[in-house]
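Colleague: This is what each chain is made of:
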Amino acid sequence: MSKKQLIRWGGWSITLLTILGIGVTLLPYFWMVSSSLKTGQEVFELPIRWIPRDLQWVNFPAALSRGSFGIYFANSGIVSVLVTAANVLFCSLAGYGLAKFRFPLRDFCFRTILCTLMLPLEIVLVPTFLVVQQLGMVNSLTGIIVPLAVDAFGIFLMRQYIRDLPDSLIEAARLDGCSEFGIFWRIILPNCKPALGALALLSFRDSWDQFLWPFIIASNDALKTFPLGLAQMEGIDSTAYHEIMALAVIGMIPMAILFLFFQRAFVRGIALSGLKE
Amino acid sequence: MQSVGPGTLASERRWAVWPGRMSIRSRLRWAGFFFVLPALLHLLIFKFYPLLEAFRLSFYRYDLMSPPVFTGLANYQALWDNPLFHQSFWVSVKYMLGVSVPEWFLALGLALLLNRAMPGRSVIRLAYFFPIAMSQIVVAMVWKFMYHPHGLVNTLLEVFGVGRINWLSTEETALASLIAIGIWRGIPLFGVIYLAGLQSIPKDYYEAAMMDGAGPVRRFIHITIPLLLPTILFVMVISLLSAVKVFLNPLVMTGGGPNGTTKVLPYYIYQTGFAYFRMGEAAAASMVLFVLVFVLTLILLRLLRQGDVK
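Residue numbers (our numbering), protein chains in the order written: chain A, 885 to 1161; chain B, 2 to 311.
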């Protein structure tokens, strides 16, 4: 075998390996979808039937009737949409301020903001709860939303993107007599749509994903978000795997749709965050 | 609009004293500050104040009902004397390192694979990146099912002659099982970041090196690694910070057990504060967790700065 052939075969086998790796990555999800369409007995049947004999669509309504999942879903939607909107607004404001202005202590402000990345909710759990309690927001959706409204990571992302926009855009608008907020609203925001899209997606994903905080704040069933509802149902009947998987599939759908439609923005957002200072 | 108001006013006031260009400069200064202000205030209230409050509270005994009582270092002493806390601390350290260290290498491997030219590359990338969008709770439910004694993990391992193991309720395997999920979940995420780093390396470098007769291994060591160093260190910091936050998986998959072998510090803090209502002790445990995160991040950031100098 010549060297050239060897290289080509090597290349093909690496490609094959890459494709096999997809199996490891996606197999659990495939098993989840497959199990959500089986009967309770069929779930553990061997050999595994990847495509169930009769698709048990009835699992979905049956699983949903196990709790007020309509309410949980709506709560998750409200929390995610509002948290995302707040993050997009406040992070782009702050990102613009940090990227395009000079003011005393600006770099100190920026570093202070970045430091909060080291303070996840898990660390400041007890005092954050006490703050929210003092504000009278325990056991309310507001109490879930407000502490999540700004994330330092979003500010970082917006700053990185806005910094690369040409100053001439801003100066031209300023000479035309545009107010500072007008420049932000009419010039900056339309010019950083890709970053805004990425930030919105990441922030929607994180808030849809949020577990610990609603878990602490919402003790009332009517305030539970979808992840809490799912965990609760699993806690009550952990043997109904076909129904738990059906709920997991339902929980996956909103994010799966968003990802498939906006995968470019998604990947770009994560990539943007990794680009060095 | 409100946030600009005071800024323009200030600039008008200045206008009277300093004619000419000064006004625009001070207008800019105030505007910039007011743009940052809302986010800054939020972070002060919901991040820095709680940190100080956690520090203060760690010297008090507080159960949410009766007023806090100053007890000095009693909470820290209680933690120090509590073998369960020591256990939690080391479980957290093991989890952090167990998840993030393999991620650093595996995610880089994935990024290198996906950066090659190959047929169907965009579809393959899509398949790998899809799990990034998945919720933790979905992942937790699926893996709890996977790790069931009759679940997929045991079924697949049986092919290799491994007996059935109850992964999540055996002391030796519970933490490792959670670590495996963490790694599996982190690789695509950090793979994307590495991939962006790889793509930002100019192609000319590789071409020049190839002209000089450098093979793939030498090109990797002398071009890829040095130019990727900032990304590598960034991934190190972010992966540690995200691993230290794990809470949902121990909560719904193992309940911190068996025998506390998966009770990470966030779980310990949650339990102490919100199940036993020992807020002061929970705050003291939070401070320990904070110091752990702070020290690790500081070490890595120092490395990052050195990497930049090179």
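By construction, these hints were calculated from the structure, which means they are not laboratory data. Where is the CB? At the ideal position from N, CA and C, for every residue including glycine. Mixed in with the good hints, there may be bad ones.
As the list claims (entries may be wrong) - Sample of chain B residues lacking proximity to chain A, with all beta carbon distances greater than 12 Å (derived):
#1 R26
#2 F34
#3 F71
#4 G73
#5 Y77
#6 Q88
#7 S123
#8 M142
#9 T156
#10 T171
#11 K204
#12 D205
#13 A210
#14 L290
Claimed, not checked - Output of the computed footprint for chain A on chain B, the stretches with three or more beta carbons under 8 Å from beta carbons of chain A:
#15 41-50
#16 218-224
Colleague: With reference to the structure, classify each hint as holding or not holding.
Modeller: Evaluation of the provided hints:
Non-interface call for R26 (chain B) relative to chain A: violated, since the shortest CB-CB distance, roughly 9 Å, does not exceed 12 Å. For F34 (chain B), the shortest C-beta to C-beta distance to chain A comes to about 5 Å, within the 12 Å cut-off, and the non-interface label is violated. Residue-level check passed: F71 (chain B) sits 16 Å from the nearest beta carbon of chain A, beyond 12 Å. Its beta-carbon lying about 18 Å from the closest one in chain A, G73 (chain B) satisfies the requirement of being farther than 12 Å from that chain.
The Cβ of Y77 (chain B) lies farther than 12 Å from every Cβ of chain A, with a closest approach of about 15 Å, so its non-interface assignment holds. The claim that Q88 (chain B) lies off the interface holds: its Cβ sits roughly 18 Å from the closest Cβ of chain A, which is beyond the 12 Å cut-off. With a cut of 12 Å on Cβ distances, S123 (chain B) falls inside the contact zone with chain A, its closest approach being about 10 Å. Once the 12 Å rule is applied to beta carbons, M142 (chain B) is inconsistent with being away from chain A; the minimum gap is 5 Å.
The Cβ of T156 (chain B) does not lie farther than 12 Å from every Cβ of chain A; its closest approach is about 6 Å, which violates its non-interface assignment. For T171 (chain B), the non-interface assignment is confirmed: its Cβ lies about 17 Å from the closest Cβ of chain A, beyond the 12 Å cut-off. At roughly 18 Å, the least C-beta separation between K204 (chain B) and chain A is larger than 12 Å, which holds for a residue marked as non-interface. Non-interface status of D205 (chain B) relative to chain A is upheld: no Cβ of that chain comes within 12 Å, the nearest being about 20 Å off.
No Cβ of chain A comes within 12 Å of the Cβ of A210 (chain B); the nearest lies about 17 Å off, and the non-interface call holds. A Cβ of chain A approaches the Cβ of L290 (chain B) within 12 Å, the least distance being about 5 Å, so the stated non-interface status is violated. Three residues within the 8 Å Cβ limit are the bar, and the segment 41-50 of chain B against chain A gives 8, so the coverage statement holds. Proximity of the segment 218-224 of chain B to chain A, defined as three or more residues with a beta carbon under 8 Å from a beta carbon of that chain, is not established by the 0 residues found.
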